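**Student:** For reference, the chains in residue letters:
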Amino acid sequence: MRSFPPEIVMEAVANGLLTGAVYGLVALGLTLVYGVLHIINFAHGALLTLAMYAAWVAWAAFGLDPYVAILPLVPIFFALGYGVQRLVIGPASGGNDQNILLVTLGLSIVLENAMLAIFRSDTLSVQVDYAMEVIEAGPMLLSFPRVVGFGVAFVVAAVLFVLLRMTDTGRAIRAVAKERTGAALVGIDVGHVYAVTFGIGTACLAVAACLLLPSFYVNPRVGNAFVLVAFTIVVLGGMGSVPGALLGGLAIGVVESLSGLYLGDSLGQLGIFVIFILVLLFKPTGLFGAKA
Amino acid sequence: MTAKDVWPILLFGAVAALLPVFVTAGTLMNFAIFTLILCLAAQGWNILGGFGGQYSFGHAAFFGTGAYVTAVLQVRYGVNPYVTFLAGIALAALVGWLIGFLSFRSGLRGSYFALVTLAFAEVFRVLSNAVEFTGGAAGLLIPLDQRAANFQFESRGWFYLVVLALVVLALLMTRALERSRLGAQLVAVRENEEAARAVGVDALRVKLSAITLSAAMTGAAGGLYAQYFLYLDSTIAYGAWISVEALLAPIIGGAGTVFGPVIGAVILHTLAEATRMMVGRIPGIDLVIYGILLILVVRFPPRHFASFLWRQFRSYDPDLQIVFILRIRRRRSAQRERR
Chain A
0 MRSFPPEIVM EAVANGLLTG AVYGLVALGL TLVYGVLHII NFAHGALLTL
50 AMYAAWVAWA AFGLDPYVAI LPLVPIFFAL GYGVQRLVIG PASGGNDQNI
100 LLVTLGLSIV LENAMLAIFR SDTLSVQVDY AMEVIEAGPM LLSFPRVVGF
150 GVAFVVAAVL FVLLRMTDTG RAIRAVAKER TGAALVGIDV GHVYAVTFGI
200 GTACLAVAAC LLLPSFYVNP RVGNAFVLVA FTIVVLGGMG SVPGALLGGL
250 AIGVVESLSG LYLGDSLGQL GIFVIFILVL LFKPTGLFGA KA
Chain B
0 MTAKDVWPIL LFGAVAALLP VFVTAGTLMN FAIFTLILCL AAQGWNILGG
50 FGGQYSFGHA AFFGTGAYVT AVLQVRYGVN PYVTFLAGIA LAALVGWLIG
100 FLSFRSGLRG SYFALVTLAF AEVFRVLSNA VEFTGGAAGL LIPLDQRAAN
150 FQFESRGWFY LVVLALVVLA LLMTRALERS RLGAQLVAVR ENEEAARAVG
200 VDALRVKLSA ITLSAAMTGA AGGLYAQYFL YLDSTIAYGA WISVEALLAP
250 IIGGAGTVFG PVIGAVILHT LAEATRMMVG RIPGIDLVIY GILLILVVRF
300 PPRHFASFLW RQFRSYDPDL QIVFILRIRR RRSAQRERR
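Protein chains in written order, with numbering that gives the first Met the number 0: chain A, 0 to 291; chain B, 0 to 338.
Next up, chain A with everything else stripped away, as it sits in the complex:
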């Protein structure tokens, strides 16, 4: 194994933390949907890709800065998620674990390949003048879009936390997550809460997409890279836990960055998968909570 001077390792850790926060944001949506609906949403990655294309179109067609595009895209994606749960996943699943798996898989196949048919497999990116800017923090140089992403990810997590704790909707969501039948008995519309939760999860993706776009590229398969990462984070942080998703995201970001540094880019992805498999094999109940 090669050895690196401490500044380089420190910079890798810092960059890992910055990327990890956005990973955490992607995982946030996944963990919320799992915690409340108890479904593993395979379409999460494809929905992220869709959000990234939406942000790209907003920039290419309307000249919207990706950070500004957050404002229109969040309600649009909330509505989309709400509709998908109400009209596609809910009716098709019938509460059966394997059916949900298949429906969300089908959804991801449709979305991913529809984007492939529309945008082809070319890699697209936005050109903004701050994309290459760096911020000096002591001996380290940090990329400006990543620092922004880090900050916004925490703001979104805080907003979500407040939403879940303080508002009536949040209370309803937590009630349904804990005890579905009981919640229905006291008059909570479970179907509506499910759809709202799915909508919030999708809205998180819209924010993550806008944060990623200035420093990242988009192609029809880009979401795939994030799916397993997001699942890993969710497993690490505990299924259904909001702070867990964020912390798990930071940890995975650092792992990815360091294994990329030491093992090279192509083998670097391996670290995440190995963690994922190990956690699933040896600590599935503890980290997942209830079993399927």
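It should be emphasised that the hints constitute simulated quantities derived from the structure, not laboratory data.
Computed from a predicted model, the values in this text were never measured in an experiment.
Backbone N, C-alpha and C define an ideal beta-carbon position, used for all residues, glycine too.
Some hints here could point you the wrong way.
[Unchecked claim] Quick look at which bits of chain B chain A covers, simulated, 3 or more residues with Cβ under 8 Å:
(1) 76–88
(2) 106–112
(3) 270–283
[As the list claims (entries may be wrong)] Every beta carbon over 12 Å from chain B, so not counted as near; a handful from chain A, in silico:
(4) E6
(5) P90
(6) I117
(7) S120
(8) A130
(9) M131
(10) P138
(11) L141
(12) V161
(13) D167
(14) K177
(15) R179
(16) H191
(17) L227
[To be verified] Sample of chain A residues facing chain B (criterion: CB under 8 Å; computed from the structure):
(18) S2
(19) P4
(20) D96
(21) L100
(22) V109
(23) N112
(24) I134
(25) F230
(26) Q268
(27) G270
(28) F272
(29) F275
Following the hints, complete the assembly by docking chain B onto the known chain A.
**Tutor:** Relative to the frame of chain A, chain B by itself:
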């Protein structure tokens, strides 16, 4: 197994074997061979997923292992392709047993089993892309040498017959499994694992047998793929596409039935081919249709429809039928009178 179990499979084989007599067009033979290879991969998935109820999202791990072992051993070490093909099946079975041992021992089921198989397939993909002896990112080319002794045939018809023979063998094996003690235990585990264990079924052993056989079949499909297309890279061998194909065909055609994967694979690929003819070669459009079909099949299970028809047939009541016939007669004679 009785004669009644065997003859539909042999009939299917005999009818399908006639295809090269009527069809000589290269593209159509390509299509037929590719579809048959996918039938084999799908039948592998069906044994574990359809009969055993363990939904794998990572059958690419077995397909790729079969394909890479078949290719690497002959290209790098000059081993006879028939031997490497068998070695590929054996190693794929071993990989299946290993993944099964690790995940079933840990009690992974449902979504978690699906996730862990997906992750294993990705690990294989990344590794095969990074190491030297698989050809890395550039891929691996099997040199063209069209001799039957070399498992390459001058006419596509021969290769088609070889693949068909293996598909028929897989169908017979699946039928034998279905009728065997192991098959009954497997279905019991699928329907209710706790209950099966309560009556003395060794669930771990049953699931391990299923995943090993399943991996061997899908590995054989991988080996055939390598031998027919003579090129491999990590995305072909271990890519998500084959995991999805192997899963879609049985689900669409009827998971846990012997002919389901064949019917599913034929439906899917005919549909994909027809779409391509209608709208041209837009990338991804065939998979959009696959995905929609998958959602529809889950939403409106064909089995429900079939069982609805079956119930109508079963609830056939002669008395009621006579009342019905009399009523129709009366109506007809009334019409006649009016005329």
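**Student:** Each hint needs a verdict: does it hold in this structure or not?
**Tutor:** A quick look at each hint next to the structure:
1. 76–88: Answer violated; 0 residues pass the 8 Å Cβ test.
2. 106–112: This one holds; 6 residues, not fewer than the three required, reach chain A with a Cβ under 8 Å.
3. 270–283: holds (count 3)
4. E6: Correct as stated: the minimum Cβ-Cβ distance to chain B is 28 Å, above 12 Å.
5. P90: 7 Å, violated
6. I117: Incorrect as stated: the minimum Cβ-Cβ distance to chain B is 9 Å, not above 12 Å.
7. S120: 7 Å, violated
8. A130: 27 Å, holds
9. M131: 28 Å, holds
10. P138: 32 Å, holds
11. L141: Non-interface label on L141(A) holds, nearest chain B Cβ at 28 Å vs cutoff 12 Å.
12. V161: 30 Å, holds
13. D167: 31 Å, holds
14. K177: The assertion about K177(A) holds, with a minimum of 20 Å to chain B.
15. R179: 18 Å, holds
16. H191: 21 Å, holds
17. L227: Violated: least Cβ distance 6 Å, not greater than 12 Å.
18. S2: 21 Å, violated
19. P4: Given a least distance of 26 Å, the restraint on P4(A) is violated.
20. D96: Interface hint status for D96(A): holds (5 Å vs cutoff 8 Å).
21. L100: 6 Å, holds
22. V109: Constraint on V109(A) satisfied, holds at 4 Å.
23. N112: Holds - the Cβ of N112(A) comes within 8 Å of chain B, reaching about 3 Å at its closest.
24. I134: 32 Å, violated
25. F230: At 6 Å from the nearest chain B Cβ, F230(A) passes the 8 Å test, so the hint holds.
26. Q268: 5 Å, holds
27. G270: 10 Å, violated
28. F272: Status holds, d = 5 Å.
29. F275: Holds, about 5 Å.
In this structure, the earlier hints numbered 1, 5, 6, 7, 17, 18, 19, 24, 27 are contradicted, and the remaining ones agree with it.
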